[in-house]
Each structure stands twice: as structure tokens, then as C-alpha cells.
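Protein chains in written order, with numbering that gives the first Met the number 0: chain A, 0 to 338; chain B, 0 to 338; chain U, 0 to 338.
Keep in mind that the hints are not guaranteed to be accurate.
Lysine-lysine pairs mimicking DSS-like chemistry, simulated, CA-CA at most 30 Å apart [to be verified]:
| no. | chain 1 | residue 1 | chain 2 | residue 2 |
| --- | --- | --- | --- | --- |
| 1 | B | K41 | U | K76 |
| 2 | B | K76 | A | K76 |
| 3 | A | K41 | U | K41 |
| 4 | A | K41 | U | K76 |
| 5 | B | K41 | A | K76 |
| 6 | B | K76 | U | K41 |
| 7 | A | K41 | A | K76 |
| 8 | U | K41 | B | K41 |
Simulated from the structure, these hints should not be mistaken for laboratory data.
So you can see what is in the structure, the chains are spelled out below.
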Amino acid sequence: MSFESSRDLATLSDLSDAEIESLLDSAASFRDGRRASTLDGKSVGFLFLNPSLRTRSSLEAATARLGGYPVVLSPGKDAWRIETRDGVVMDGDAAEHIREAAGVLARHHAILGLRCFPSMEDAAEDAADPVLTAFREFSTVPVVNMESARWHPLQALADRMTMRDDLGDAAGKTVVLSWAYHPSPLPTAVPESFLETAARTGARVVVAHPEGFDLPLDAISAAHATADACGGSVEITHDRDAAFAGADLVYAKSWASHRWYGRFDQEQPIRQANRHWIVNESMMARTNDAAFLHCLPVRRGVIVSDAVIDGPRSLVLDQAENRLWTALAVLHALAGGDA
Amino acid sequence: MSFESSRDLATLSDLSDAEIESLLDSAASFRDGRRASTLDGKSVGFLFLNPSLRTRSSLEAATARLGGYPVVLSPGKDAWRIETRDGVVMDGDAAEHIREAAGVLARHHAILGLRCFPSMEDAAEDAADPVLTAFREFSTVPVVNMESARWHPLQALADRMTMRDDLGDAAGKTVVLSWAYHPSPLPTAVPESFLETAARTGARVVVAHPEGFDLPLDAISAAHATADACGGSVEITHDRDAAFAGADLVYAKSWASHRWYGRFDQEQPIRQANRHWIVNESMMARTNDAAFLHCLPVRRGVIVSDAVIDGPRSLVLDQAENRLWTALAVLHALAGGDA
Amino acid sequence: MSFESSRDLATLSDLSDAEIESLLDSAASFRDGRRASTLDGKSVGFLFLNPSLRTRSSLEAATARLGGYPVVLSPGKDAWRIETRDGVVMDGDAAEHIREAAGVLARHHAILGLRCFPSMEDAAEDAADPVLTAFREFSTVPVVNMESARWHPLQALADRMTMRDDLGDAAGKTVVLSWAYHPSPLPTAVPESFLETAARTGARVVVAHPEGFDLPLDAISAAHATADACGGSVEITHDRDAAFAGADLVYAKSWASHRWYGRFDQEQPIRQANRHWIVNESMMARTNDAAFLHCLPVRRGVIVSDAVIDGPRSLVLDQAENRLWTALAVLHALAGGDA
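Hey, can you work out the whole structure from these sequences and the hints?
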């Protein structure tokens with residue numbers, strides 16, 4: 000199998016529903032013990048501009064299981080600092096341009112991965128995902144997005160697999176994406192990717208967040224359209240209690256307010272005023288014995304209480320394990336393996 | 000073979016004498032050219048909270064030789080900073096809890112390794128080895144201690160192999176563990192582990208250090224009991240000259256004074272006053288042509304003179320080489336391989 | 000094949016012309032799909048004292064393609080800071096001596112690599128390549144120079160392969176090594192290595208640089224002698240326009256002035272005054288449709304214009320790709336593989 004409409008995995012939108020189902024079936028077969036040597040004699044180049052635990056761990060292990068070898072580079076630490084803007088005179092800190100970084104690594108490796116968090120300074124620029132876009136343009140081999148300014152498709156696939164395992168057919172089920180407090184303003188790549196993922200399942204999706212923490216309007220519009228097409232719905236609310244009522248699955252995640260994007264000192268008091276947005280036992284008691292999901296890393300006592308994350312309905316370790324199986328399925332597909 | 004009493008290799012005390020002998024035989028067979036593919040298709044996750052050269056080099060090479068793939072993560076550098084205390088509100092620097100770090104990596108890998116040096120602030124807390132203990136609790140796969148606050152069993156195994164190669168049966172031989180000067184207060188994981196190792200050989204073990212640099216009392220008591228059971232003895236002395244007299248093996252190591260634990264500015268003048276505790280040719284001339292051992296890294300001209308470490312009885316490179324063979328034996332055993 | 004006159008690849012001078020041709024043929028055969036398992040069951044230890052992208056990427060991938068496993072260590076980051084001077088009392092920052100670092104790694108791995116940039120403080124010391132020299136002395140296995148204070152033979156081999164592909168027989172061709180502006184004073188390892196490489200092809204080699212930026216005299220003398228022996232020539236000029244006239248290949252590179260070595264604050268105004276030494280379209284228009292080469296990383300808009308590096312005669316990505324094929328050939332040869 001390889002993707003029909005895209006050489007790369009940049010966002011989940013690159014994949015049709017059939018392709019996602021096929022990837023999840025492939026992931027499940029790897030979990031069931033399937034082995035493949037799709038990357039035999041090949042290497043994969045992973046470029047991390049930001050820290051990682053699950054993404055590196057799962058992709059390195061997946062590459063090795065497929066017979067390949069992962070080369071991990073961290074520009075600014077063990078490799079040269081990278082310039083991502085075009086047409087600039089490079090007389091500052093950056094010694095290498097992303098055109099060369101992508102171009103060179105594509106000559107050495109069969110697949111490339113890139114992690115590039117947003118600048119958190121200019122919302123429009125971050126929304127355009129400039130670093131990933133340039134990297135894809137200058138790579139001549141398939142690129143897998145290891146979390147960009149805007150998207151985290153590998154996480155979304157693992158989330159979808161975890162949902163499928165727990166909920167089965169999600170049609171008619173209530174899935175809550177709940178904002179949670181965090182001391183710093185975080186990117187929206189994970190909540191936006193989960194929102195799209197959840198909307199595509201046909202579930203009733205409820206997004207709960209305090210006033211001022213709306214997700215980007217285009218993401219909401221797209222989710223509405225997706226849900227309509229898939230027989231589900233998307234609701235936005237500031238009422239946490241109502242949102243959790245009867246929920247079958249709760250996905251907790253903190254994100255920055257786009258109203259104060261780049262001026263987060265002004266957001267801080269509003270953020271602080273919502274410290275009570277933690278997922279704890281009393282919140283979960285409102286649900287229909289809902290599963291608890293979070294992409295990790297998670298701040299205990301801040302995003303979620305110990306009792307919830309350590310409780311029987313916490314699926315966070317299953318989610319993280321599914322990162323391995325879905326990474327195997329994605330690399331296998333990008334390398335041209337059969338479904 | 001797998002360990003009888005422990006799923007993990009946390010400390011040498013986890014192993015019976017027979018298990019140690021079996022591991023050393025296995026290590027020697029790997030040195031003699033034996034090959035095994037115990038880790039074929041599997042990965043091992045190594046989490047380094049502190050720097051490393053020999054430990055990483057030997058464990059990565061050993062994993063690869065067994066057909067496996069090592070994933071190396073350094074929280075705070077390329078992965079998220081880790082919280083190790085339980086029940087805290089994580090609103091500080093640490094983005095990830097060790098419960099999730101251990102739990103997730105255990106889902107991705109067949110074996111985990113952890114390096115976690117002591118805080119050097121609270122002696123009782125360090126003695127309880129809290130980070131390793133938590134990591135073992137939350138890992139669902141075997142854990143190998145890559146040097147914790149209190150123990151360094153991989154080093155102790157390589158030391159034991161080196162002793163066995165050089166001394167043969169150590170009964171009746173004199174083995175000196177000598178404190179040496181170092182500009183900073185260092186952990187006691189290596190000297191405590193060596194003390195136990197040496198006591199289990201049945202040798203006459205002499206620990207020499209300046210006043211005030213006693214090893215922890217429980218380590219000394221345990222070593223006495225071990226030596227009694229194994230037909231050897233343990234002596235403690237502040238008289239270096241007497242200690243080295245007739246010695247068959249000298250193990251040099253610096254360590255911090257536990258009297259001033261956490262208040263090392265007050266220890267500094269006492270430490271400085273013992274700068275003459277260097278192992279040089281005149282000290283070695285008192286011995287019975289003793290072998291010289293040190294775990295490395297070592298500060299030349301401070302811990303040991305160039306003439307001694309470059310001399311014919313220096314076994315430091317053999318020790319370091321034995322890190323590879325014993326790592327192979329340990330990973331092979333933890334993965335369920337035959338002895 | 001293995002090298003006749005040297006166990007190591009320290010500098011291109013270690014290799015005869017026949018050996019270089021044989022390595023390039025071997026590299027080309029790997030590019031054509033040849034596979035080998037020369038490093039099966041073996042590991043290679045790569046010690047990086049400085050950042051890297053192409054060198055790490057190519058050597059890790061090459062090691063894996065030959066069936067081996069690369070262990071990458073970065074002293075001062077994930078491993079201990081290394082002392083390189085002999086006979087010193089190590090009571091400063093460095094915890095490990097290069098004697099032990101090289102000695103230990105040679106016990107664990109089949110081949111070692113070292114990257115050690117110059118101090119840029121003492122020209123005579125840097126010219127003696129003290130770190131590489133010590134590392135080679137204390138390693139008991141073959142050492143490959145991954146760019147030292149003075150030489151970068153892996154780059155020179157890839158450059159030679161790229162020249163051979165583009166120019167065919169270089170006799171009678173004009174090859175320009177052109178200094179270019181860069182905000183910082185850079186080492187001369189690449190330009191010196193390229194100068195020797197180019198001189199050995201029998202080409203007419205023209206070195207163009209502003210006044211005060213002469214390459215070391217011994218390098219120039221050696222290049223003259225080499226060119227004489229190979230039927231070529233070496234010219235030095237400060238006249239860029241004349242140098243580029245009719246050139247068949249332009250190699251751009253910035254380097255520090257040896258006149259102000261270690262006093263680069265005094266060099267800064269002279270450097271700044273030569274900001275116009277950029278390779279742009281008007282300069283390339285003077286050439287015989289010359290190929291453009293640079294070792295990368297390169298500062299766009301500073302060393303070279305976007306139009307030139309993105310143009311049809313830019314071979315920088317081919318050069319970088321050839322790093323992989325030549326690395327395969329070198330590791331294969333150092334491991335004792337057939338040509």
C-alpha cells in the first residue's frame with residue numbers, strides 16, 4: 000500500500016477514510032505479531048527541532064523492526080542550526096538552510112521525518128506550517144510529520160486506534176475534547192488533529208474550553224463540515240459540567256489562546272483564572288464511565304488528577320503503545336509495503 | 000537463563016553467587032566469539048539522566064550484537080524533563096512523570112535501562128534510590144540499572160570479571176579499595192558496589208580512606224556479613240601505607256564524605272587537605288605487584304599518576320572492555336537467553 | 000582491499016592515487032546498487048567533539064548498510080568532557096582523558112571515527128592536529144578522520160567523486176577554489192583538503208582570495224609539488240574576475256586568515272571589507288559554464304547567491320550524496336572488504 004493522494008504524511012487530511020481504516024488494520028496486524036522487512040537495507044532520517052520521547056521511541060523502534068536504520072539529528076544541538084525563511088541573507092546564528100538540510104537528507108535516506116513546533120509568535124505564519132511546507136518541498140523522498148506547527152497526524156492515528164479499540168463504532172457516542180490548565184501556552188497541533196480525527200468517526204464531538212480559548216476558526220469550520228459528512232456533530236461549549244455529562248470518552252489537552260497569540264503575558268491572568276479546569280474524579284463521575292485519553296507528556300495534578308490517570312479507564316499507556324503500531328503501519332506504507 | 004529472584008538487574012545483591020558465576024561464564028563465552036540473536040526484532044530503551052561513555056557504548060553495542068536495536072533518550076536534552084516525586088502538582092520545569100516515562104517505554108521495548116545519579120543533597124533519600132525504585136515499579140519489562148544513586152551492578156560485574164581474570168581464586172588475596180582525591184564530591188555507587196563484589200570473592204578486602212570519608216554504615220555492615228559468609232574479611236583503615244602493603248589488587252575511587260552530605264562547601268577544605276591521596280608509583284611499590292583498577296572516567300594526575308595508569312599492571316582498559324562482555328551476558332539473560 | 004600505507008584514514012595523503020581511484024570505483028559500485036555486509040555483527044564508534052549533519056548522516060547510514068551498528072557519542076553533551084593534552088593534572092572541567100576515551104572505544108568497536116575542529120587559537124598547535132594524533136595513537140583499531148583541525152578526507156573523497164563525475168579527466172581543466180565571505184573565521188580543513196585533491200587530478204588549479212587570506216604556506220608548497228608531479232599547476236591570485244574566467248569548476252569556501260590567527264577581532268574589519276566575495280550569477284557568467292561546489296552547510300546570500308546554488312550547475316547535493324557512497328567505500332575498506 001502507499002497513499003493515493005499524497006507521497007507524505009503531513010496531516011490526517013492527506014488520507015481518505017479507507018486509507019485510515021487500512022492503516023489501522025495494518026497497525027493492528029503488527030500488534031498481533033506480523034513482521035515485515037520493508038526497510039531492509041534502508042535508513043530513515045529523523046530531524047528533531049524540538050524534544051520528544053514517544054515519537055522518537057516509537058519511530059526508532061518501528062524503523063528497526065522493519066529492518067531499517069534510523070538516523071536521528073537535532074539541529075542546534077548535535078547538528079547545525081537551521082534557517083527556514085527563504086531569500087534571507089544568512090549572516091546570523093543559522094549555519095544551514097532547510098533547502099539543503101532536506102535536500103541532503105533525502106539523498107541519504109528512504110524516508111524523512113520532521114518535528115517543528117510553532118514559533119508561538121505569529122498565528123498566521125504558524126497556521127501556514129512554513130517549516131514543514133519547505134521541508135516537504137525540498138525533500139525528494141516521502142516525509143512524515145512528527146508534529147509540526149499545525150498538525151500531529153501520528154498522534155491522531157494512535158488516538159483513532161485507541162478510540163476504535165475502546166468505543167468500536169463511534170456513531171452515537173459522545174466524545175469530549177476538554178481544554179485543561181497548563182502553566183504555559185501550548186500549540187494546538189494535537190487538539191486540532193484530534194478534533195478532525197474525532198469528527199471523522201461520526202461521533203457527537205463536544206469541545207469544552209473557557210472563554211477566550213477558542214480553537215482556530217478554520218479548524219472548527221472544517222470539523223463541522225466533516226462531522227456533517229460523516230453523520231456526526233460538533234458542539235462548542237464553555238460549560239464543562241454539561242460537556243462531561245454522559246460522555247463516552249474524554250480527551251484532555253491544554254492549548255494557548257489564539258486571542259493573545261504572541262502576547263502570552265497578557266493571556267497569563269486569564270489562563271491562571273482557569274486553574275480549576277483539571278480532569279479529576281468528580282468531573283469523570285459525570286460521564287458514562289468514559290475512557291480518559293491524553294497524548295502525553297502530561298502534568299499530573301495540573302491537567303489530570305493522579306486518581307483519574309492511574310484509574311481503570313485511563314488509556315494513556317494504550318495510546319502511547321499504539322504510537323508504535325501506527326508508526327509501523329505508516330513507515331511500512333510510506334516505504335511501499337503492502338497493506 | 001534468567002535471574003531467579005529478580006526480573007531486573009538493580010543491584011548485584013539481586014544475584015546469587017551461582018548466577019554471578021554463570022553470568023561471568025556467559026560473558027567469557029561472548030568474548031571467545033559466541034554469537035546470539037536473543038534480541039532479534041526487539042528494541043531496548045535506555046534512559047540517561049546523566050552523561051555516559053562506557054555504559055552507553057557497551058550497552059548499545061551489546062544490544063546490536065544480540066540482534067536488537069537500542070533507543071537512547073536523554074530527558075532534559077532531547078526528551079522531556081522528568082518528575083520523579085509522587086503526588087506533586089507538576090507546575091514546574093518537569094513536563095513528564097516517571098510513571099508515564101517508564102510505562103510508555105515499557106510498551107515500546109523489551110528491556111529498559113536507567114541511569115540516575117544521586118541528588119547529592121539528601122543522603123537518606125539518595126540511599127533509598129527513589130528514581131530507580133519508581134522506574135522499576137512502573138516498568139512492566141525487565142530493567143537494568145545503568146548506575147543509580149546507590150548501585151552500579153554492570154560496573155561491578157565487569158570488575159568481578161577483571162578480578163577473576165587476574166587473580167583467579169581471590170581467597171587469601173588482598174584487595175584494596177582506596178579513596179583518592181577528586182576536586183568534586185562524587186557518588187558512592189561504584190565503591191559500594193565494588194565493596195560488595197570484592198567481599199563476595201572471599202578475599203581480604205581493605206578499605207582505605209582519610210578520616211571523615213567513611214562509606215555508609217549499612218554498606219560496611221553488609222560487607223562484613225558477606226565476607227564472613229564467604230570466608231574473607233573486610234578491614235577499614237586511614238593508613239594508606241599499611242593498606243597497600245602486599246596488596247594483590249588496588250581499586251582507586253574518589254567519593255564524597257557522607258558526614259557533610261549536601262553541605263559540600265564545608266567538606267571542601269577537608270577534601271583539599273587530602274590531595275596527596277593519589278595512587279602513584281611509590282604507593283604501588285608497596286604492593287605485591289598489584290593490579291590497578293578504576294571504573295573510568297579517571298582524572299590523571301589527580302586520582303592516579305600517568306606512570307601507574309599507563310603501566311603494565313593497569314587493567315583499566317580490560318575493565319572497560321569487560322563492560323561489553325558482561326553487558327552482552329546481562330542483556331542476553333534478561334531477554335531470556337540460555338546461559 | 001585495505002589501505003597499503005596506513006591503517007587509518009587521517010588525511011588524503013595516506014592514500015596513493017591508485018587507492019583513491021579504487022575507493023571511487025568502490026563508491027560508484029555502491030551507488031549502482033552493490034551491497035556488502037563487511038560490518039556484520041560489528042559496531043563503529045563515532046566521537047563528535049563538534050556538530051555535524053552530513054558526516055553523521057552518511058557514516059551512520061553507511062555503517063548500517065554494511066550490517067554494522069554505529070554508536071555516536073558527543074563528549075561535553077552526552078558523554079564526559081575530554082582532556083587532550085598530555086601530562087596535565089586534570090583538576091579542571093574535563094573528566095576523561097583522550098587516552099582512555101580512544102583506548103576504551105577501541106575495545107568496544109571495530110572502527111572509530113573522530114571529529115575534532117581546531118581550537119582557532121594557536122596556528123602551530125592546530126596544524127599539528129594534536130587531538131586526532133593522540134586519538135590515533137591510543138586507538139588499537141582503524142580510525143577515520145571525520146574532520147580534524149587540519150584535514151577532512153571524507154569530504155575530499157566526495158569532492159573528488161563529484162569532480163570525476165562532472166569533469167571526467169581533469170587534465171587541462173580549470174578548477175577554482177574561491178574564498179568567500181562568512182561572518183566568522185572558519186577552519187582551513189576543507190580548503191586545504193580540496194586543494195590537495197584538486198592538485199592530484201592534474202587540473203589547472205586557481206586559488207582566489209583577498210589579500211591576507213593566504214592558505215598555510217606548507218599546504219601551498221605541497222600543492223605545487225603535487226601538481227608538478229601530476230601534470231597540473233597551482234596559481235594563487237587576489238583577482239577574482241581573472242580567476243573565474245573560463246573556469247570549469249568553482250569550489251566556494253570561506254576560511255580564516257592565518258595572519259591574525261587567534262586574534263580574530265583584528266581580522267574582523269579586513270574580513271568585513273571583503274563582503275563582496277560572494278559567488279553570484281555575474282561571477283559565474285565569467286566561467287565556462289562551471290559546476291558550483293561547496294561542502295555545506297552554506298550560508299545563502301553570504302557565500303553564494305540563491306540563483307547560483309539553486310541553478311542547474313550547482314552540484315552541492317550531488318557532493319553531499321557522494322558523502323554516503325564514499326563513506327561506504329571507506330568503511331568497507333577499513334573493515335577489510337574487497338575493493
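These are the hints, each one checked on the structure:
{"no.": "1", "hint": "K41(B) - K76(U)", "result": "holds, 27 Å"}
{"no.": "2", "hint": "K76(B) - K76(A)", "result": "holds, 9 Å"}
{"no.": "3", "hint": "K41(A) - K41(U)", "result": "holds, 18 Å"}
{"no.": "4", "hint": "K41(A) - K76(U)", "result": "holds, 28 Å"}
{"no.": "5", "hint": "K41(B) - K76(A)", "result": "holds, 28 Å"}
{"no.": "6", "hint": "K76(B) - K41(U)", "result": "holds, 28 Å"}
{"no.": "7", "hint": "K41(A) - K76(A)", "result": "holds, 25 Å"}
{"no.": "8", "hint": "K41(U) - K41(B)", "result": "holds, 18 Å"}
Of the numbered hints given earlier, the model fails none.
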